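Protein chains: 4
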Amino acid sequence: MSYVQFPDERSLDFVAIGRLCIDLNANEIHRPMEETMTFTKYVGGSPANITIGMSRLGLKTSFIGKIADDQMGRFIHSYLQRNNIDTSNVVTDHTGAVTGLAFTEIKSPTDCSILMYRDNAADLKLTPEEVQEELIARTKVLLISGTALAESPSREAVFQALYYAKKHGAVIVFDLDYRPYTWKSAEETSAYYNLAAEKCDMILGTREEFDMMERFEQNPEHSDQVTAAKWFDYSAKIVIIKHGKDGSIAYTRDGTGHKAKSYPAKVVKTFGAGDSYAAGFLYGVMQGWTLEKSMEFGSAAACIVISSHSCSDAMPTADQVNDYITRCERGEITAS
Amino acid sequence: MSYVQFPDERSLDFVAIGRLCIDLNANEIHRPMEETMTFTKYVGGSPANITIGMSRLGLKTSFIGKIADDQMGRFIHSYLQRNNIDTSNVVTDHTGAVTGLAFTEIKSPTDCSILMYRDNAADLKLTPEEVQEELIARTKVLLISGTALAESPSREAVFQALYYAKKHGAVIVFDLDYRPYTWKSAEETSAYYNLAAEKCDMILGTREEFDMMERFEQNPEHSDQVTAAKWFDYSAKIVIIKHGKDGSIAYTRDGTGHKAKSYPAKVVKTFGAGDSYAAGFLYGVMQGWTLEKSMEFGSAAACIVISSHSCSDAMPTADQVNDYITRCERGEITAS
Amino acid sequence: MSYVQFPDERSLDFVAIGRLCIDLNANEIHRPMEETMTFTKYVGGSPANITIGMSRLGLKTSFIGKIADDQMGRFIHSYLQRNNIDTSNVVTDHTGAVTGLAFTEIKSPTDCSILMYRDNAADLKLTPEEVQEELIARTKVLLISGTALAESPSREAVFQALYYAKKHGAVIVFDLDYRPYTWKSAEETSAYYNLAAEKCDMILGTREEFDMMERFEQNPEHSDQVTAAKWFDYSAKIVIIKHGKDGSIAYTRDGTGHKAKSYPAKVVKTFGAGDSYAAGFLYGVMQGWTLEKSMEFGSAAACIVISSHSCSDAMPTADQVNDYITRCERGEITAS
Amino acid sequence: MSYVQFPDERSLDFVAIGRLCIDLNANEIHRPMEETMTFTKYVGGSPANITIGMSRLGLKTSFIGKIADDQMGRFIHSYLQRNNIDTSNVVTDHTGAVTGLAFTEIKSPTDCSILMYRDNAADLKLTPEEVQEELIARTKVLLISGTALAESPSREAVFQALYYAKKHGAVIVFDLDYRPYTWKSAEETSAYYNLAAEKCDMILGTREEFDMMERFEQNPEHSDQVTAAKWFDYSAKIVIIKHGKDGSIAYTRDGTGHKAKSYPAKVVKTFGAGDSYAAGFLYGVMQGWTLEKSMEFGSAAACIVISSHSCSDAMPTADQVNDYITRCERGEITAS
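Protein chains in written order, with my numbering: chain A, 1 to 336; chain B, 337 to 672; chain C, 673 to 1008; chain D, 1009 to 1344.
What the hints contain is simulated information worked out from the structure, not anything from laboratory work.
The model shown is predicted, which means the values in this text are computed figures rather than measured ones.
Treat the hints with care, since some could be wrong.
Listed next, with one range per pair, are the computed distances between beta-carbon atoms [unchecked claim]:
hint, chain 1, residue 1, chain 2, residue 2, range
1, D, E1142, B, I450, 54 to 62 Å
2, A, E35, C, Y853, 42 to 50 Å
3, A, S185, D, D1119, 42 to 50 Å
Idealized CB from N, CA, C, for every residue including glycine.
All chains, full assembly: derive it from the sequences and hints.
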């Protein structure tokens, strides 16, 4: 059964809007960052990672974003192009903004943290006028990411993109991706997350992210059913609520909660798990697979990424994901 | 025929949220403000004026807003109370904000302008947490005003109020009241005006205000029908588009455009015309009158205000409006 | 004996730099401002008032400042011109700044307060490049005022003016005029007040203002002698410390503290006392009078202003001051 | 002959105030940064580098500064301690500020650039109240750096430190270190550089930096003599003006310009040359050496640093500098 209907005959499968930045991953790991001496540079940012993932999986992709007019910005631009992502709507800032940074600290596979540089970040300078209606008009899916709502004018650019996506019938996916450090207050965050989510066909987030959005509401039990039902009253067809180790559940309008099995992995770090899961899952849904099969495919993609040093650069092809699943089924891969 | 259904049995008829400020009206008029030596102080701000108007017309009213912790703020508070407006949700700022000011310049009845002080204005400091759900739950109508969307946190407070009004079934009225000086850009303005308007049952504005909201859309002829149809696709039941001297048209979902006759007035200044019209018109609609009769009542109320020195203080009672209409019909009043 | 030597043969006697704003004085007095309904408009701002005072006393004056591009700014400009003050260095802002306002509240002759509007004030937008070296090169005296140090770029403009005054040998007078509301912190205030005061020949302020400047120093007894001695180590020749009702003392490098008798007045309000005192005193010093006689002249000028409704507009001519002194000596004037 | 007299019997030789940050040096060099994939982390910031240099040379040092409450801040703190620099006045920020970053790009030994992250930098949050008078009271030398003047409250903290240094007789050294990106305007920069320089005993800068400070003055020939003479009218005893490849000249009050020979080096990059030169030169002057010998020592120290990958970490000991000079004199080192 198909829960979401994608428009036919579009020249693009997938467009994302939002954060484009640089990850600086610790080379010497299993220690606090104070003792890390060298870092390796990768393209990062949740919507960028998902788009790279979708492109590796063979879909036709494009990105709507803004990069700094510096060496970091030019690196991002060329990396997207090398990954077959259309950059015709990747705009260069000319106000002196910088590229957002994320330094990773990997103390152990389960104790990872990030040191962010988000002041004056170029990606948050995208304006509504820079969003190309024509691009959104020819995609099947638009993915928005919560971090792009954190500041003006990027916030208004996202609402502009949502307006175009609604107008042209693209399926809208909202990856909540809530990062407190760029927001002024929880009230402000909640206000704009809710306004955006009302317009979305699929919403993916953790239980904590949905709790944040419900701060003015009545859901004292933090019930997934209450949460999902709220969004089905607006535009949502699928609401995925992630419960960390307990796995994710995809809720649909028929009241069903769909779960899928997971795979073992030799975990290096947890960064990138959500982005690779999102890419794998959305790929499956767009192929017309069942939600369960799509979720399994997402899980396997995530296993590949968390076994690697990077997020973006480790995004797998469909063959790599299928191969991983096969090897898991054969018992060749066990948890670390 | 009734175009809007108001909820029954609420303890309040009308609640407005937004700007509360001070008008300083020139005493020596018919000259540039440079030559005006004395000014008289009145309560001002479009939603405040409308609420005063509704209260004078006999409705049960309340206001949601924020005032400075100074003499101007205390004057506003006591004036609202003297006008029988509930002030339980009028919050006092404690950050050092000031009361917004509007100095009026009246060079001639048709050449009026305003000098605004809106930096660090207390009314724009209202937060979402300060908006009382319980108050909105017991009103028939919530009126929002565009100027309250101009800045955070007032902007988020308005969206919070809209959420509560939707939840509790209040009829929502949007008085566009667009004032460029408090906004950063036309794109930002357009984004939030549209997000708010989607949720409203009645929208009142000038043709130019609707044009501003359509900057990313296709309405090259500035067609009222195209404009109204857009909002009927969301929540609107009545869209009033004002064409200055050519009068206002109230569009309804059945495709009709309603017009009403106007009345003569001895015009002192044009300030306050829109606010008194809105109060008179809404009063009529809430009485179950036809749109035409409601619009006439609004026009007569406006005539009374523009014949006076102040806006808020000149808001008429129902008897005064009826008396004005009667005198006009008898030919006792002619245009200045 | 002459404590300060003024340069000969300059085409201007007196130039001030800094605040230029509007006073809105309550017409209905002896009540809280909440109950005041009308206000009268005057030019205000301490350095502006002093300059008006100096011009009324017959000196050749000019002003360095910035006005808003609106009706209030144009009123200020024309008022200065009508008072024979050169306005060739009064610049008009084009960034949308507003004119600073001061609403006065006169509850009783001894209970007066001010409600200030200083956000986005045009006078604080003056830049160093706008200060005309040529103008300062041809004045005997430059007066600076503490409020102009409160924000960039006005702060840097004052230091630029000080540099020019030093270079061209003008006598520099510092009227401390400390107003907490425009400053971010007491540390910041103290830093710039001290840097400016080091370069000044005459410093006038209250005991509390000098205390604020000494927050990182050792003067636990708040000793005037310690305070004055500090500044004599820099450039100062005369330090006037005001002790409210106990009168002012002018300290000189020879270790003397000069006091003068005061005059009775029928006090309406206390605003403007300091500005008229400064004008009268400086006038006397520039005439070569003793400090004592200069201080008496300042006191009499102050009496005239505090007996009137306005500050700027009440600044007396030399004849008026002399007449006041004569009448006091005849016993024709007694305290209210 | 001794141009500067250092106070006797202080428990510290050298204290610096200002920028403390992180250098991220490209590991793969001789290419644009776009193609650099890994970076190595070092402590950076001109005054930090000079202090590390002074400590390596055997002096008793301390630092006045502010670090972020994160892994980068803690790395800086421990690095200073490991280098025997007293950190009792290194304060930790608690406002969410980040550590300033400098990514280096080394295209060739003569084509080097820096990509700076200075938004919300912790070092610029130092307040006047955090500067310990007691620490400055017991040092022979206080070094200030221009970048710390770029923003409040760090700017006021520097002026506070200057006040304490004057009060307690420390020799004050000003390393101009002008970096345009943290300043709002050239006028603002010039204003504060001049106010600080007036109070300094030694001033070191490039010809371009002195030109920036003279933007409101008459030195159309960019004459070093005019520049030096200006500062001798204030507090300066030695003014060092750097002319890039043409070498540096140390001007003294007797009108002499002192030059020194330079040494060859196998240049990796030019970063750090000025900081190591300053440390070596100041060390010499504090030993009572001639200016010429001190300048040579500084040059040799600079040669060692520019032959290495890092700035701070390459700062030499006195033995290393002497050894370098000996080897140069033996002809064992030639230019790259």
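Structure-based check of each hint:
1. Evaluation of the 54 to 62 Å hint for E1142/D and I450/B yields a pass: the beta carbon distance comes to about 57 Å.
2. Judged by the Cβ atoms, the range 42 to 50 Å given for E35/A and Y853/C holds: they are separated by roughly 48 Å.
3. With their beta carbons about 46 Å apart, S185/A and D1119/D fall inside the hinted range of 42 to 50 Å.
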